[in-house]
Amino acid sequence: MTKGKSSATNENGRRRNLHAVTHIPAHKNGKLKPILITGGAGFIGSNLAHRLLSAGHRVRLLDNLSRMGVEKNLQWLIETHGDMVDIEVPDVRNFSVLKQAVKDASQVFHFAAQVAVTSSLVDPREDFEINAGGTLNLLEAIRTTDNPPPLVFTSTNKVYGNLADVDFTKQSTRYAPVDSSIRERGIAENRPLDFHSPYGCSKGAADQYVVDYARTYRMPALVFRMSCIYGPHQHGNEDQGWVAHFIIQTITGQPITIYGDGRQVRDVLFIEDLVDAFLLAQQHMKKLSGNAFNIGGGPANSISLLELLDLLAELNGVDLSITFEDWRAADQRYYVTDTSKFSGLTGWTPKVGVNEGVRRLYEWLLNESAHFSGDSLGVTQLTNTAVHAAKL
Numbered sequence: 000m001t002k003g004k005s006s007a008t009n010e011n012g013r014r015r016n017l018h019a020v021t022h023i024p025a026h027k028n029g030k031l032k033p034i035l036i037t038g039g040a041g042f043i044g045s046n047l048a049h050r051l052l053s054a055g056h057r058v059r060l061l062d063n064l065s066r067m068g069v070e071k072n073l074q075w076l077i078e079t080h081g082d083m084v085d086i087e088v089p090d091v092r093n094f095s096v097l098k099q100a101v102k103d104a105s106q107v108f109h110f111a112a113q114v115a116v117t118s119s120l121v122d123p124r125e126d127f128e129i130n131a132g133g134t135l136n137l138l139e140a141i142r143t144t145d146n147p148p149p150l151v152f153t154s155t156n157k158v159y160g161n162l163a164d165v166d167f168t169k170q171s172t173r174y175a176p177v178d179s180s181i182r183e184r185g186i187a188e189n190r191p192l193d194f195h196s197p198y199g200c201s202k203g204a205a206d207q208y209v210v211d212y213a214r215t216y217r218m219p220a221l222v223f224r225m226s227c228i229y230g231p232h233q234h235g236n237e238d239q240g241w242v243a244h245f246i247i248q249t250i251t252g253q254p255i256t257i258y259g260d261g262r263q264v265r266d267v268l269f270i271e272d273l274v275d276a277f278l279l280a281q282q283h284m285k286k287l288s289g290n291a292f293n294i295g296g297g298p299a300n301s302i303s304l305l306e307l308l309d310l311l312a313e314l315n316g317v318d319l320s321i322t323f324e325d326w327r328a329a330d331q332r333y334y335v336t337d338t339s340k341f342s343g344l345t346g347w348t349p350k351v352g353v354n355e356g357v358r359r360l361y362e363w364l365l366n367e368s369a370h371f372s373g374d375s376l377g378v379t380q381l382t383n384t385a386v387h388a389a390k391l
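Numbering (numbering that gives the first Met the number 0), first residue to last: 0 to 391.
The hints are simulated quantities; they were obtained by calculation from the structure and are not laboratory data.
Just so you know, not all the hints are guaranteed correct.
Derived lysine-lysine pairs resembling BS3-like cross-links, with alpha carbons at most 27 Å apart [what the hints assert, rightly or not]:
| hint | residue 1 | residue 2 |
| --- | --- | --- |
| 1 | Lys350 | Lys102 |
| 2 | Lys32 | Lys71 |
| 3 | Lys350 | Lys340 |
| 4 | Lys286 | Lys340 |
| 5 | Lys102 | Lys32 |
| 6 | Lys285 | Lys350 |
| 7 | Lys32 | Lys98 |
| 8 | Lys350 | Lys286 |
| 9 | Lys32 | Lys286 |
| 10 | Lys102 | Lys286 |
| 11 | Lys32 | Lys285 |
| 12 | Lys340 | Lys285 |
| 13 | Lys285 | Lys98 |
Only a predicted model underlies this, so the values are computations on that prediction, with no experimental measurement involved.
Just need the whole structure built from these sequences, with the hints factored in.
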C-alpha cells in the first residue's frame, strides 16, 4: 500500500466515497471461509480476486484505497460478483485489523506494498514501515490463529541487486549475458541476495521474514520473487508497470522516456499466468512451504525496451515519440527469470506469449480510453491516469 491517510477527515472521506460507490452487505455464510488478499484492489489483487470469485470462493479484500484507480477495480469486482466480496479499508500497519482479518481466512495472499524504488528513496522510513513492518504485522497476525492459513507473499527480483557482476554483450536491440547458462535459463534462486535501494531492503527483509517464519514457526508460507507482470486492470507509470505505461503513452500520443539506452531486458509475465501460479502455490503448499521461487515469463518471454517500442509502433500504426535520459540508480541491464524450480515442483509454465499479451493489454487499454469523457479517445483523462495512476 502507498501512503495512508494522515487525518480522520481524509480517512472518513475515503470511506464515504467507498460506501457511495461500492458498499455491500457483509457475507454471512459461516461455511464459506474467505480468502484474504491484501492490496486486493490493485492490479494483481483484483485479477486474482476475479478468478477466485468466478470459481465460487468468497474473497476478503484488504486495501487502504490510497492509490488512484483502485476504486475502479473494486467497483468492477463488486458489480461482477456482488456480496461474495468483502472489503476492509485499513492500512497493513494496523495490526489489530490484520489480526481480525486473518482469523477466519482459509488462505492469504499478501500483495499490499509500497512498490516504487523512487518513492523509497524519497521516504525510506515509510517504505520500511509498509513493506517490512506491514509484512511482519501480517505474519504475527497469522501466528496468533489456531490453524494458520497458508500465505503467498510477492517479493521482487530487486532482492538480487543490480547484477553488476554479470557480463553482457551489447546487441543492436538488447543486452545478452555472456554466460550461456544465464542466457539460456535466466537468473535462478541460488543467486546471492544483494539488496539495493531502500525498496530492495524493505522487500528483501519481508521476503526473508516470510521464509524464516515458515521455518521457525512451521507456518505454511512461501515467497514469489517476481519479474515484470502486465495485463488488464493495470495503469502503469514510469515507476511501476512499465509495459502498461508505454502502451498508455502510445495510445495518447504522449512521449515515452527511456532511462538508459533501451537495450535493458526483462522477462514479462501475463497476469493470467501469474494467477495460475498463485493457485498452484496454494494447492501444493505442503511441499513448497519455506521456499522462495523466482516467477516470471522466462527466456521465451524476454523483451527489451527497444523491442517493446517496435512492437507498439506496429500495433499503433504510427511512429512513437521517444526521449532518452540518464540511467537510473541500480537499474538492472538484464533480468530474466529461471522458473525451473517452481515449474519442476508444480508443472506450471507460462501460456501467454509476449506478442499476444502485449496485444491483449493494448486492446484493453484502448477500450478503457473510450470510456473516459472528453475527446474521442479520452486522451486527457487517460493521460492524467497515466501521470497520477496508482503504482499497482
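Here is how each hint holds up against the structure:
no.	hint	verdict
1	Lys350 - Lys102	violated (35 Å)
2	Lys32 - Lys71	holds (25 Å)
3	Lys350 - Lys340	holds (17 Å)
4	Lys286 - Lys340	holds (12 Å)
5	Lys102 - Lys32	holds (10 Å)
6	Lys285 - Lys350	holds (25 Å)
7	Lys32 - Lys98	holds (15 Å)
8	Lys350 - Lys286	holds (24 Å)
9	Lys32 - Lys286	holds (23 Å)
10	Lys102 - Lys286	holds (24 Å)
11	Lys32 - Lys285	holds (20 Å)
12	Lys340 - Lys285	holds (16 Å)
13	Lys285 - Lys98	holds (23 Å)
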